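Each chain is listed here by its residues.
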Amino acid sequence: MKRIYIAIALLAISIASGVFETVSVTQNSQKYIDYIDEINKKIDDKEVKNAAVLCKKADEEFEDMSKNYMFYYYMHKNLEEIESNLSSMYEYLRNDEVHDYYATSAITRRKLESMRDTGSVNLQNIL
Amino acid sequence: MIITIIRTVLLYASVIIAVRLMGKRQIGDMQPSELVITLIIADIASLPMEDVSRPMLSGLIPTLVLVSCEIILSVIMMKNSKFRKVVCGSPVMIIEDGKLLQDKMKSLRITVEDLCIQLRQLGVFALEDVQYCIAETNGKISVLQKPDKRNPTAEDLGIEINDSGLEVVVISDGRFLDTSIRLCNTDAKNLNKILKKNKTTVEDVFIMTYNRSGKYNIIQKQI
Numbered sequence: 332m333k334r335i336y337i338a339i340a341l342l343a344i345s346i347a348s349g350v351f352e353t354v355s356v357t358q359n360s361q362k363y364i365d366y367i368d369e370i371n372k373k374i375d376d377k378e379v380k381n382a383a384v385l386c387k388k389a390d391e392e393f394e395d396m397s398k399n400y401m402f403y404y405y406m407h408k409n410l411e412e413i414e415s416n417l418s419s420m421y422e423y424l425r426n427d428e429v430h431d432y433y434a435t436s437a438i439t440r441r442k443l444e445s446m447r448d449t450g451s452v453n454l455q456n457i458l
Numbered sequence: 010m011i012i013t014i015i016r017t018v019l020l021y022a023s024v025i026i027a028v029r030l031m032g033k034r035q036i037g038d039m040q041p042s043e044l045v046i047t048l049i050i051a052d053i054a055s056l057p058m059e060d061v062s063r064p065m066l067s068g069l070i071p072t073l074v075l076v077s078c079e080i081i082l083s084v085i086m087m088k089n090s091k092f093r094k095v096v097c098g099s100p101v102m103i104i105e106d107g108k109l110l111q112d113k114m115k116s117l118r119i120t121v122e123d124l125c126i127q128l129r130q131l132g133v134f135a136l137e138d139v140q141y142c143i144a145e146t147n148g149k150i151s152v153l154q155k156p157d158k159r160n161p162t163a164e165d166l167g168i169e170i171n172d173s174g175l176e177v178v179v180i181s182d183g184r185f186l187d188t189s190i191r192l193c194n195t196d197a198k199n200l201n202k203i204l205k206k207n208k209t210t211v212e213d214v215f216i217m218t219y220n221r222s223g224k225y226n227i228i229q230k231q232i
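As you go down the protein sequences, you meet chains A and B in turn.
For the first sequence, the working numbering assigns the number 332 to the initial residue and increments by one for each residue that follows.
For the second sequence, the working numbering assigns the number 10 to the initial residue and increments by one for each residue that follows.
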């Protein structure tokens, strides 16, 4: 009977890990999508310098977060790609290359959306 | 490459733990669900081993879930025979009172050749010698031969045989095996006495077997 308790404990750990992924990591992905939306808004308002500062902040925060726990859950190459895209976006804004920024930010946003949606519990993901 | 090696070692350890948690059955004795789970675990664990970009949790978590489900399922099966019947099926009689039940064989998709092979592996070389044959849920067959073809037992022959108990290895490669010593109701002190009588020491013994009636066999290490 000892095994059943171990099995239940392991199942609980697995479920906790899954819930953590769904709640925490999904929320964090949404946070960076919101960052990109905010940066885009600032660019639309012709505040490119402020947008660059915000982009830098997003880049640094994402790097910290991915080093902390995101890599436990997501394909490492996807995380690296988002990280390098955020750095590129910052460089584009710093050099006033807004068109290039938009192209990269659209790809990054799509990847973040994919990360967010992969963890959410819905029929589409299950099937 | 170092990362791959470290991951392989960690995943290997996790698979070993998983298989140990599942129990001690051999491949041939596995129920269908256990065999499927073992194959899936092997496949899942290999993915993060070969692809370092994949998080290790993608191999570990499904392994944990599968093992947990298997253990929980086996406990439910132990408590509920109807559930066990649904998951494992039930044994099917193929030969009853010496008569081959062809409809049962058809439903199990067993040919006469398959049956003969399995019977030969059990030491039965003629179909007409079989009184009962049952296809078990793990895919093996159990056979009871006709009374005139069965080996006579001591009881049949009216012979009394002394119970010498289980013969176990008590010393292996120069070391006492405590569990085995307890099994044959003796202790290291008594075994040391025997060794002294045979002019040897525990360090010089390769294997020593012993049974409850005190019979022993010593094989010394080759120098």
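Some hints could be false.
For the chain B half of the interface with chain A, some residues (derived, Cβ under 10 Å), not all of them [what the hints assert, rightly or not]:
hint: 1; residue: 65
hint: 2; residue: 67
hint: 3; residue: 70
hint: 4; residue: 167
Calculated directly from the structure, the hints in this document are not laboratory data.
From a predicted model like this one, the values you see are computed outputs, not experimental measurements.
For every residue, glycine included, the Cβ atom is placed at its ideal position computed from N, Cα and C.
Here is how each hint holds up against the structure:
{"no.": "1", "hint": "65", "verdict": "8 Å, holds"}
{"no.": "2", "hint": "67", "verdict": "8 Å, holds"}
{"no.": "3", "hint": "70", "verdict": "5 Å, holds"}
{"no.": "4", "hint": "167", "verdict": "45 Å, violated"}
The earlier numbered hint that this structure contradicts is number 4, and it is the only one.
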